[in-house]
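Protein chains in written order, with the working numbering: chain A, 1 to 109; chain B, 1001 to 1116.
Keep in mind the hints are simulated off the structure, nothing from the lab. C-beta atoms are modelled at their ideal positions from N, C-alpha and C, and glycine is treated no differently. Certain hints may be false.
Some, not all, of what chain B presents toward chain A, calculated at C-beta under 8 Å [claimed, not checked]:
#1 Gly1042
#2 Gly1058
#3 Gly1108
Chain by chain, the residues:
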Amino acid sequence: ILNVEQSPQSLHVQEGDSTNFTCSFPSSNFYALHWYRWETAKSPEALFVMTLNGDEKKKGRISATLNTKEGYSYLYIKGSQPEDSATYLCAPIQGNLIFGKGTKLSVKP
Amino acid sequence: DVKVTQSSRYLVKRTGEKVFLECVQDMDHENMFWYRQDPGLGLRLIYFSYDVKMKEKGDIPEGYSVSREKKERFSLILESASTNQTSMYLCASSPFRLAPRGDTQYFGPGTRLTVL
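Starting from the given sequences, assemble the full structure and let the hints guide the process.
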């Protein structure tokens, strides 16, 4: 099973701060990587599917980059808002999605 | 919008009981999945199905079975519930694609199962 590491485990920021966190995975046999956001009491929802080295995706204030050669992806949030508070999961593919443990983000007003 | 529903948000059962967790999706997706999520661990795949009456073991199938009699419904069965099966259970579905990029999975709200 792929070893997927997400860091940090948790993060507390003030409203308006920009932040980023990391997903590391083995770079061999890479197919794709997914990012999901999971808000408390809601269903996980997809943010991005990334496939190519150098991919950069953006959705509003959230963006992600992918480096398949070195095996990492960064998720950036610009100007964090309280509604960004959630656990962010990355999931590279090895047959099926292999989920990391997530980074729990808390944004204080 | 894709909708994935699960039969219960919260469930309390006793050790040894047979437990059924139901999942229904309304987007005609071929693929369906059952995961469990425990504190400090990522989502772990229990079973998945690519077609009606078809099932494949995930990473942690022990103590579970599944049933997919209709395309829209995927049931997770705990034959004899044990306390170590206390967890959050999530169902997901995705459309079938031939490319190995993996399609976006759409998740249900989860069932928090407590086994006493």
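Comparing the hints with the structure gives:
1. Gly1042: holds, 4 Å
2. Gly1058: holds, 7 Å
3. Gly1108: Holds: closest Cβ of chain A sits about 6 Å from Gly1108/B, inside 8 Å.
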